[in-house]
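Asks: Construct the complete structure from the given sequences, taking the supplied hints into account.
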Amino acid sequence: MALGIVAISPAWADTTVTITSTTVDCQVPTPADVPAPATPSAAAGNAAMQNRNFALARANFRPLAEAGDPEGERLYGALLMQKCTGLQDKEAAASWLGKSADAGDAKAQAALGHAYMNGEGVAQDDTKAFALLSRAAAADRPAAQVDLGYLYLTGRGVAMDRYQGMVWTVKAAEQGMPAALFNISNAYFKGEMLPQDNDRAAYFMTAAMQRSTLAQRNRFAGDINQVTRAMSMADLARARMKALRWSPGQGSLSDVLDDARRVQARTAKN
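Under my numbering, think of the first position of the sequence shown as 1, with each following residue one higher.
Derived by calculation from the structure, the hints in this document are not laboratory data. Quick reminder that beta carbons are idealized off the backbone N, C-alpha and C, glycines included. The hints are all genuine.
Here are the simulated distance ranges between beta carbons: (1) R52 / R262: 40 to 50 Å; (2) P31 / A131: 32 to 42 Å; (3) P248 / G68: 27 to 37 Å.
Lysine-lysine pairs mimicking DSBU-like chemistry, simulated, CA-CA at most 35 Å apart: (4) K128 / K99; (5) K83 / K99; (6) K90 / K107.
Replies: Structural data, given as structure tokens:
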């Protein structure tokens, strides 16, 4: 997928969408150590993360991780995996996530599966990614469902099964996951796993953009450009208004699976 920075206003459908490719240079000094609190806690660490106080987050997460607490191991691993904190150490991050994943933490399994899928802190290994993501997806972790759907759709770590890929993608999308909604949009636009339909592609693209961060839109810059260039601004505006009325929920995208089944049946006949 193309990478870039999305320059976009909230009322994007009424303006020109421009996406430019660039590299974000993240040079952040390592924050100084702060003393561990008398009683380290995940809640305090998460609050520090929200305030971008990464030193205080580390001071809370690290003692929990070193004490063998699976949640602490996962949180500390996730902190070390992040960019722009001054603390990034992907190999150490993967190690801590592995300890938590082995203890059965589904969020850690999802994060470690993603790391294996992309070779972040570990050697890239689709087979290991598939095993971890399958466990996390079955535990209803939407991030794992997105990644598992992608593995099925592309045949990485498992035999390609586009229908099964859409099943997992829809499960994540019904929980409001922007990446899953972007993937559905792309499937409609390309007409591979779903019927080719620009209107549906724009609908799901706008639903994704309404729920996504700038970084998430950045990941799907190429897909966004393709759809916006293929449609008029009036059509995009209508898609946006329809998407505003959609609410996530189990079964809310059953029509997408109906479309996927029709494509599967047509493909089987051929």
